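Protein sequence lines correspond, in order, to chains A and B.
To convert a position in the first sequence, counted from 1, into this note's numbering, add 221.
To convert a position in the second sequence, counted from 1, into this note's numbering, add 1.
Incorrect hints may have been included.
Stated by the list, open to error - Some chain B residues judged to face chain A by a derived CB distance under 7 angstroms, without partners named:
1. H8
2. P13
3. C22
4. G26
5. Q27
6. D54
7. F56
8. P83
9. S85
10. S87
Everything labelled a hint here was simulated from the structure, so no lab data went into it.
It should be emphasised that the depicted structure is a prediction, and the values quoted were computed from it without experimental measurement.
Every residue gets a Cβ at the ideal spot worked out from N, C-alpha and C, and that includes glycine.
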Amino acid sequence: MNNNTKWVLFLSTSHSAPEDRHIYDLSFGVMCLENAGVDPSDIFIYIDGQKRADIESKVSMGTNNTYNIRTSADFFSDIQTYSHDNLVMFVTGHGGLEGIDASPGITPHKLVDALKSSPDLQNSIVYLGQCFAGTFNYMPVGSTKESSNSVILVGATGLHPSLSLSTSENLQGNNLRWSANVFLLHAFKWFSTPKDMDGDGKHTIMDSYKYAGVLSNSSQVSTKAQTFVDLIGSYQELIQAANAARSTGTPLQRMQWDLEAKAKRQNYSEACSIHNVHQECWILNSIPAQSIEL
Amino acid sequence: MRFNHLHTDDLPNIDMSIKKCINSGQWFLFKAPSEAGDAVYMLKVDNTLYSLDQFGSPLSEVTIASDSIMDELFYFDDIDSPKSLSNQLTA
């Protein structure tokens, strides 16, 4: 598949700036793809946001190459001119009722229709890391008389939020810490060091799905054990901090108390998320996924 | 981007809960740019920036005009930090 394959890293947002953690998901991704031997000229990065130099700086954490980072709207025009046979795409960012967060939102139909109408694509594999990625399941993705492009969708989660966990990863000699989309992280990792999960002697897209799913759930279980005790005490800390933030004081004191309350809310929310989010991955169009090899 | 390490005592006026957010990579503590006046550090909380003095006390919420500002990140050496998820082994 490596020959004549276009690799797309995608982050759209309806806000003026994407979250740093989502950019770092793609910084890690570009590093893994380059480590896998993908030619940088076959990697295309689409990230929304007004501060372009800031985005480029963060992406460069994972690479020494310079990429022309375009926007999500550019992706939908570019795809109509793609001349590659294969597409492998990784989507990070937020998701919800409108599909992938963007302005306007990217619905399952919009994404699948864009892939199916691309003139030369024969195989498209899309890894969907956003929350509620299951809204993209059960779509008409198989090859047809009208479109020979066979689309495989791999979702991090069904109709649930997706899970991000704190990690420290070595990006070109620096240990960057961020709250990583855990399924995408493991999917990227598989491409840099593929594992034959089913023992058939091949590294297929199905192997990547199984690997990312198993490792994601394993990551969550081990992180749950670490944060269980934190969760017990963090709610009481949050209540105390919220009460303190309501106290009278100088503007600077109030800012400090407010900041502490925000931190305690963040820690409590993070611990709740680790314990409450149920993430179960899925794959659509699994038959060709069993035979498409790296 | 450069990475520097601090001891929690270096910034006594930052609450431990904030240090935990920084060390886990949820919030980002970085060196204040020259245009930030008296600030020594900047703390990025979602899309809000706080300028901090040398002890970690907040000075103000700020808007920075320049496009790329997180040149030098700080973490704390003496409290828990996340392990690499990508290097974990399955049970």
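- Satisfaction of the C22 of chain B interface hint, Cβ to chain A closer than 7 angstroms: Cβ of C22 of chain B sits 5 angstroms from chain A, so the hint holds.
- Restraint satisfaction for S85 of chain B [CB to CB of chain A, less than 7 angstroms]: 6 angstroms, holds
- Message: Min Cβ distance, P13 of chain B to chain A: is it shorter than 7 angstroms?
- Response: Violated. Min distance 12 angstroms.
- Item | Hint check: 7 angstroms Cβ-Cβ cutoff, D54 of chain B to chain A | For D54 of chain B, the interface hint is violated, since the closest Cβ of chain A sits about 10 angstroms away, which is over 7 angstroms.
- Evaluation of the interface hint that places F56 of chain B against chain A, nearest CB under 7 angstroms: 11 angstroms, violated
- When the least beta-carbon distance from S87 of chain B to chain A is tested against 7 angstroms, hint result: 5 angstroms, holds
- Does P83 of chain B pass the interface hint, meaning its C-beta sits closer than 7 angstroms to a C-beta of chain A? 4 angstroms, holds
- Item | Interface hint status, Q27 of chain B versus chain A (Cβ within 7 angstroms) | 5 angstroms, holds
- Message: Quick check on the hint: G26 of chain B CB to chain A CB, less than 7 angstroms?
- Response: This interface hint holds because 3 angstroms falls under the 7 angstroms limit.
- Message: Given H8 of chain B as an interface hint, is its Cβ closer than 7 angstroms to any Cβ of chain A?
- Response: 17 angstroms, violated
Hints 1, 2, 6, 7 from the earlier list are contradicted by this structure; the remaining hints agree with it.
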